[in-house]
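Here's the letter readout for the chains.
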Amino acid sequence: MVGIALNTLLMIVVAIAIPGVINRTRATLAGRKGLPFVQHLRNARLLLRKGSVYSTTTTALFRIVPAVYLGAAIVAMLFMPVADLYPLISFEGDVICFAYTLALARVAIILAAMDTGSSFEGMGAAREALYGALIEPALMIGFATLAMFCGYTSFADIFAHEQSFNAQITIVMFLIAYLFITIAFVESGRVPVDDPRTHLELTMIHEVMCLDYSGIDMGMIHIAGWLKTACFSMIAANAIAATCCFHWWLAAPLAILLTGLSIGFVESTQARNKLVRNTTFIVTISALAALIFFIGYLLQSDINI
Amino acid sequence: MFYLLSLLVLALLVGSIFLAPLRSKVWVAFGFVAIAAIAVAAPSIGVLAGAEDIVLAREIPSMLGMGSLSIDPLSAIFLLIIAIAGVATMLYSHGYVGHYLTKKSSAHISLHYTALATLILSMMLVVMADGGFLFLFAWELMTIASFILILFDAERAEVLRAALSYLIMMHVGFIFLVAGFAGLESISNDTSFAALAHCFGQGKNLAIFILFLLGFGMKAGIFPMHVWLPEAHPAAPSHISAIMSGVMIKTGVYGILRVVSHMSAPEQIHVVGVIILAIGVVTGLWGVILAAMQNDVKRLLAYSSIENIGVIFIGLGIATLANASGNTAIMTLALCGALMHTINHSLFKSLLFFGAGNIYSQMHTTHLDRFGGVAKHMPVTAILFLLATMAICALPPLNGFVGEFLIYIGMLGSVRDGINTLYAAGGLMALALIGGIVVLAFTKLYSTVFLGSPRHHHVAESEEVDNLRIAAMAIPALGIVAIGLFPQYALRMIERVVGTLGGSQSALIVSGLTSTLWKISLTAILLIIIIALLYTIKHRAQRSRTISQGPTWGCGFTSPNIHMQYTGESFSEGLQSIATSLTQNTVEGRAVGKSEIFPSSHNYNVRHKDKIDRLLAEWWVELLRIINKRMMSLRTGRINNYILFALLFLIAIVILSLFNLI
Numbered sequence: 001m002v003g004i005a006l007n008t009l010l011m012i013v014v015a016i017a018i019p020g021v022i023n024r025t026r027a028t029l030a031g032r033k034g035l036p037f038v039q040h041l042r043n044a045r046l047l048l049r050k051g052s053v054y055s056t057t058t059t060a061l062f063r064i065v066p067a068v069y070l071g072a073a074i075v076a077m078l079f080m081p082v083a084d085l086y087p088l089i090s091f092e093g094d095v096i097c098f099a100y101t102l103a104l105a106r107v108a109i110i111l112a113a114m115d116t117g118s119s120f121e122g123m124g125a126a127r128e129a130l131y132g133a134l135i136e137p138a139l140m141i142g143f144a145t146l147a148m149f150c151g152y153t154s155f156a157d158i159f160a161h162e163q164s165f166n167a168q169i170t171i172v173m174f175l176i177a178y179l180f181i182t183i184a185f186v187e188s189g190r191v192p193v194d195d196p197r198t199h200l201e202l203t204m205i206h207e208v209m210c211l212d213y214s215g216i217d218m219g220m221i222h223i224a225g226w227l228k229t230a231c232f233s234m235i236a237a238n239a240i241a242a243t244c245c246f247h248w249w250l251a252a253p254l255a256i257l258l259t260g261l262s263i264g265f266v267e268s269t270q271a272r273n274k275l276v277r278n279t280t281f282i283v284t285i286s287a288l289a290a291l292i293f294f295i296g297y298l299l300q301s302d303i304n305i
Numbered sequence: 001m002f003y004l005l006s007l008l009v010l011a012l013l014v015g016s017i018f019l020a021p022l023r024s025k026v027w028v029a030f031g032f033v034a035i036a037a038i039a040v041a042a043p044s045i046g047v048l049a050g051a052e053d054i055v056l057a058r059e060i061p062s063m064l065g066m067g068s069l070s071i072d073p074l075s076a077i078f079l080l081i082i083a084i085a086g087v088a089t090m091l092y093s094h095g096y097v098g099h100y101l102t103k104k105s106s107a108h109i110s111l112h113y114t115a116l117a118t119l120i121l122s123m124m125l126v127v128m129a130d131g132g133f134l135f136l137f138a139w140e141l142m143t144i145a146s147f148i149l150i151l152f153d154a155e156r157a158e159v160l161r162a163a164l165s166y167l168i169m170m171h172v173g174f175i176f177l178v179a180g181f182a183g184l185e186s187i188s189n190d191t192s193f194a195a196l197a198h199c200f201g202q203g204k205n206l207a208i209f210i211l212f213l214l215g216f217g218m219k220a221g222i223f224p225m226h227v228w229l230p231e232a233h234p235a236a237p238s239h240i241s242a243i244m245s246g247v248m249i250k251t252g253v254y255g256i257l258r259v260v261s262h263m264s265a266p267e268q269i270h271v272v273g274v275i276i277l278a279i280g281v282v283t284g285l286w287g288v289i290l291a292a293m294q295n296d297v298k299r300l301l302a303y304s305s306i307e308n309i310g311v312i313f314i315g316l317g318i319a320t321l322a323n324a325s326g327n328t329a330i331m332t333l334a335l336c337g338a339l340m341h342t343i344n345h346s347l348f349k350s351l352l353f354f355g356a357g358n359i360y361s362q363m364h365t366t367h368l369d370r371f372g373g374v375a376k377h378m379p380v381t382a383i384l385f386l387l388a389t390m391a392i393c394a395l396p397p398l399n400g401f402v403g404e405f406l407i408y409i410g411m412l413g414s415v416r417d418g419i420n421t422l423y424a425a426g427g428l429m430a431l432a433l434i435g436g437i438v439v440l441a442f443t444k445l446y447s448t449v450f451l452g453s454p455r456h457h458h459v460a461e462s463e464e465v466d467n468l469r470i471a472a473m474a475i476p477a478l479g480i481v482a483i484g485l486f487p488q489y490a491l492r493m494i495e496r497v498v499g500t501l502g503g504s505q506s507a508l509i510v511s512g513l514t515s516t517l518w519k520i521s522l523t524a525i526l527l528i529i530i531i532a533l534l535y536t537i538k539h540r541a542q543r544s545r546t547i548s549q550g551p552t553w554g555c556g557f558t559s560p561n562i563h564m565q566y567t568g569e570s571f572s573e574g575l576q577s578i579a580t581s582l583t584q585n586t587v588e589g590r591a592v593g594k595s596e597i598f599p600s601s602h603n604y605n606v607r608h609k610d611k612i613d614r615l616l617a618e619w620w621v622e623l624l625r626i627i628n629k630r631m632m633s634l635r636t637g638r639i640n641n642y643i644l645f646a647l648l649f650l651i652a653i654v655i656l657s658l659f660n661l662i
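Protein sequences appear in the order of chains A and B. The first sequence begins at 1 in the numbering used here and counts up by one. The second sequence begins at 1 in the numbering used here and counts up by one.
Please keep in mind that the hints were generated in silico from the structure rather than gathered at the bench. Beta carbons: idealized from backbone N, C-alpha and C, even for Gly. Any given hint could turn out to be false.
In silico negatives: residues of chain B with every beta carbon more than 12 angstroms from chain A [claimed, not checked]:
(1) 56
(2) 404
(3) 622
(4) 659
Label pairs and their in silico Cβ distance ranges [unchecked claim]:
(5) B:624 x A:56: 55 to 65 angstroms
(6) B:593 x A:271: 26 to 36 angstroms
(7) A:31 x B:555: 41 to 51 angstroms
No farther apart than 25 angstroms at their CA atoms in a straight line, the calculated lysine to any residue pairs in the SDA-like style are these [claimed, not checked]:
(8) B:519 x A:160
(9) B:611 x A:279
(10) B:594 x B:580
(11) B:103 x B:198
(12) B:376 x B:495
(13) A:274 x B:550
(14) A:50 x B:556
(15) B:376 x A:63
(16) B:519 x A:203
(17) B:376 x A:64
(18) B:103 x B:365
(19) B:594 x A:203
(20) A:50 x B:580
(21) B:594 x B:577
(22) B:609 x B:588
Chain B with its partners taken away, still in its complex shape:
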């Protein structure tokens, strides 16, 4: 019955999108997504507000026992994220895909929208499925839909390459998940997540956890399985990057939260906590250092997503460690922080990718050093991008600060109470360094793109994008400001989730936290008031003074030109000199030599490639090539050799059966 219904929905989706006229395809897809979003958001809000868990469908027959779809607080929070980002993405896609309506065939556009709607619907299924076949089915549907979406610009060779490597890596992850569920089945005779409790109760079943960690980690992009992210995001259209980076990678976080929530033995939880914390630290640092060195807008944003997954894992690791020690107050803090950061990242990362889409659709490049001074031509995009930049740098009074603040005080509290002191201190130092380098990465991004003078004539020809895209960007922007100014209300949303994960919902802890967040809210408002006041005073004072304009002070140099501006590459030069061992640099062209007194025209382009990329991709390819070469030498083309092989095979079978081996 369930499968019949879902087939019907899918057929309806495909049929109506393919049959709709070219310009209305987006609205048909939008309709589907909006209905689904409302349908899941309403019960989710109910569940978060304190209602009972909702079971949507029960006893769905599948290959591995019965499955069911239900909404508990943990699903609810992810459903809300998916619903909001889904609607914003669909709205944004109207303007972005609009450029391609005349260039691509109608079927191509239809396929894109079908895949986009399918991706959003399948993500909803993923977080509602209770495990087993149904979960894997939705997971695979999500992968395939996103694969088709990355392929939008399939004419470009690098897009094809990125999409294929994405597909392969996701399926490696999928194998781990299948193995995890198979292991679960063999231990507990059930494949639902609930059976994990029984499985982990059986004693040391860390292997099962590792399998799930690898499977979900591949999607989330934890180190060293992150290499697909910086390839897939520059290849995909911007709204696809937004939903993939903002939401899809979070399904990996969801999966790990689900698995961890079923653990109960303290020693086991302790080990798992250390693993998660270590992964978080390494992923976060690796992501942010690489992000700061990138010279491509979308590649930089992709690495920053890896970094944010790291931050979420740090919070999760601290929470898990506190759980193992039985300190529920710290656990509640860190877990709230991790969940809050998950929500926050989905908001500001969508906004950043939308912004990147705006500038790409005007200037047709994502190379940082081709921009400059875009703020004058696209002021609204510039303001919204600045908002997201400040949020991702975790600056008060915006939402990014609230999430990281909770993780920080979780760690400080851990140090204060003397539980897991050294782990917490390590996490604290890592998070502080991450926070510092994020500032470097994003001031570099924002200032080379939006500030200064134009480095290319494209910039002067660009203009602000259509209002619908701005409206789509306003959705996450509103969330950023609202959570930043009133975090105490956002806390109410995640309060119940913490309860289901074993954190304490005790009134004392929650009320203490709420009062802290109240004060943060007041501080944020005070900060804004003081800044506004200072600006007004300054503005008033300047009325009676002589205010003049002139060129930028060139420090005595009389003919500065725009090519002397600091570029993105030069901005992160200091960091590169420290972290050069993490990357492999490919250089095109030649730099200006020190002995050239009158330099001629030079072309110099450097790309900082991830060393892990080489380890994971090239090493395997090389191995496969060697094996292949050996095998090929068996192909002699002589019929007598082939008969010999067949004979050897028969003899082998006879011998093996003699010894009862087959």
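This is chain A alone, in the form it adopts within the complex:
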């Protein structure tokens, strides 16, 4: 019981800390003074206190969607274990439930964007739908690789059981961690796929879908975004922690630093892709995931190459 509460609390801490680490990393690398660590929390608090403007084109769906988006992200977070701690919800095959709960969030936000009748938001929605479709195989085959190696199909069991530490597992787990960090880049709309700081609506993906949201709705969407990033980041951190020292006090900071530093580093050093390049980029991730699975399969079946 205490474990579950600690687990949920840690997930929330990770979710809150990652955007802060990203901001600080970017500021340090650019040699700026930068935003304070908690600036995103202040922004969110401000948004939650504000009033809202709704477009006259929209229907009731538009007002329900932020609740669905955040609700789905919260439920997805409840599946995620922090290393040896236990999550609130866990059953055989919950990895699938996790993926489809996030799909619910995606469908909700796409429909809300289309509800405004804006051409810009339509653009974002169409891109989100396509990229979401192409990243899905990577996610599933990533889970399949974990299932093949650990012998379980739920997050808690995959990560909770003591592994026999050998070279094969270490190789595959590091690859898996890399895979899920890349997926986190795509799912949370970061460079090189999407740039949350861009000022031009024509090139936005995630940001442009929430153009017509304001106040409390916008705040909810931001919070949901943090939670989503935290989930993928936690999978990567768990995978790495599983190879050496498998405890929550290692996995939680690892999740924060791993994603925070890598996103911050990539955003400071790389330009975003041209939009036409994004499909190639995402299909490559899926291909990479299939490759990781195959490597895992070969290592598992002890084939001498």
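Fit chain B to the given chain A structure using the hints.
Coordinates of chain B only, in the frame set by chain A:
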């Protein structure tokens, strides 16, 4: 005796519908269907609850030995699907056909209702018949009844064309089935499905399986025999599309399940499993990619039916492969998933076609880019359609998720246990991609039709349909929500079916599965509670804030208009750029050129046609035309040539008989 009885029922059906007054014809037909539905649903529930198989009629004499009608768990589950969808369709048809009562002749309406009732009754016969003549008889009756139903709007040329191509393709499939049964007869001296066990026991009889696969696959719409579906559905009235897509194509799945259930040799089952899985992957991907590119509501739904057949086949393939390896736990999971998805698809696809019927009867078009903002004018239809859209995208907490979840964990379990790892991983990736593109296809459909601003003045003139149609739509909607929230009870229904197909009914596996589904149920309820809670908190908080309304933010552009909205075509543009090689695009009009600074009015219409359509239809037609041309050159019109032909014929006969060839 049986034939006399069925003739009597048919005569009663035709007589009472034709004699009934125009407005009550629907209720007469409804009465017949409702009685039949109750008559089959009650014993079916009994059988699923654990009663013995019920034999309705035994030793019916036919051309190919004796036939009988019986209900076993596999029939029972399909009977339930047919009964529920049948009743909903009859109820819905009242409002839909109501528009045509003054436009069409009384005989026309009578014929439509007779055919509809016959279709539903014949489908019931199909799943109860034990094979042979009786089965083929019911199968053919089903085809002819559905042909008449597609022809409802026979004045339109494309309807006639679609119905004829349907009839031809179904009969090609029928020939395969006849050949399959003939082969069965020659090997086992019996044409019932039960004889298949003996036939497959004889060793390699894969040819028989392939014949049945082709025959049933034609009805189910597996790749590349799916081309009739996207033609027939836009042509048929919506309630007919609903029953054809929701239920009739499932008789193909039923047939294949029947055939596979009689196999016993592991090597054989393994080969069959690989074939079914491969078909499932290709059918699913092809269906969903084409669905995402369509710009016609009903064509999109038709392609999505093909995709769902693919998903069912993926589940079936994994189950069959697991069966070959002797892993009953995985087999049970995947088979439950395939069966569950069959039930689920019949629910949400009927609902989607009913919804399409609602908007068609108000706006008289099914072209996606003519709608927009329909939700404001038809709110109930919009809500029910949204429910079905979310269910078909397999989102929790609705029923579509449960079926796909079971198939997924079947595959994950396969990978985990190290049996058929690569096949399962392939199926997993395919299903994940299918799931992703379904989201694209259906968010496109829903948002261009129901959301945004109206693109055409028809939308502003539309209003909500009558309550009876809403009531008819509520039947599948209830099923969607009930199975989604309480899948553990739905599992009880299909538990026995798995047993008859060779899956394990062992208490351990089933109880493990039930406890998983319990947790899914709890998660679904938790999800709903959290969302409701968040919405309430938000709503309360907003009471004390200033909430204002204004136009949609135009990103600095001051005069946005509704024609700038994203259309269905532009929504799937990204996918088209990847998958352009699968389709043949026909373009009408001209797009706005990049060099036009002040563009004038343009008309631009693009249609993405299936390349397979061309391969199957045009290629054959071309071949026939060439053969015909050669033959026609023999027709010279001179009497001496014809006498020469007769002489050549006689000489040929003499020569052949000399060599004892005839």
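Restraint check for residue 376 (chain B) with residue 64 (chain A), where alpha carbons must lie at most 25 angstroms apart
Distance of about 16 angstroms is within 25 angstroms: holds.
Between residue 593 (chain B) and residue 271 (chain A), does the C-beta distance stay in 26 to 36 angstroms?
holds (31 angstroms)
Pairwise hint evaluation, residue 203 (chain A) against residue 519 (chain B), where the allowed Cα distance is 25 angstroms at most:
Violated, at about 41 angstroms.
Does residue 376 (chain B) pair with residue 63 (chain A) here, judged by a C-alpha cut-off of 25 angstroms?
Holds: residue 376 (chain B) and residue 63 (chain A) sit about 15 angstroms apart, inside 25 angstroms.
Assess, step by step, whether the Cα of residue 50 (chain A) is no farther than 25 angstroms from the Cα of residue 580 (chain B), and give holds or violated.
violated (46 angstroms)
Does the structure keep residue 594 (chain B) and residue 203 (chain A) at a Cα separation of 25 angstroms or less?
holds (19 angstroms)
Under the criterion that the straight-line Cα-Cα distance not exceed 25 angstroms, is the pair residue 594 (chain B), residue 580 (chain B) satisfied?
Answer holds: residue 594 (chain B) to residue 580 (chain B) is near 21 angstroms, not above 25 angstroms.
Check whether the Cα positions of residue 611 (chain B) and residue 279 (chain A) lie no farther apart than 25 angstroms.
holds (24 angstroms)
Proposed proximity, residue 160 (chain A) with residue 519 (chain B) (alpha carbon, max 25 angstroms)
Holds, at about 19 angstroms.
Check the hint pairing residue 274 (chain A) with residue 550 (chain B) against an upper bound of 25 angstroms on the C-alpha distance.
violated (33 angstroms)
So the hint says 41 to 51 angstroms: do the beta-carbon atoms of residue 31 (chain A) and residue 555 (chain B) match that?
With a Cβ separation near 33 angstroms, residue 31 (chain A) and residue 555 (chain B) fall outside 41 to 51 angstroms, so the hint is violated.
Measuring Cβ to Cβ, find out whether residue 404 (chain B) lies farther than 12 angstroms from everything in chain A.
violated (8 angstroms)
In summary, the numbered hints that this structure violates are 2, 7, 11, 12, 13, 16 and 20.
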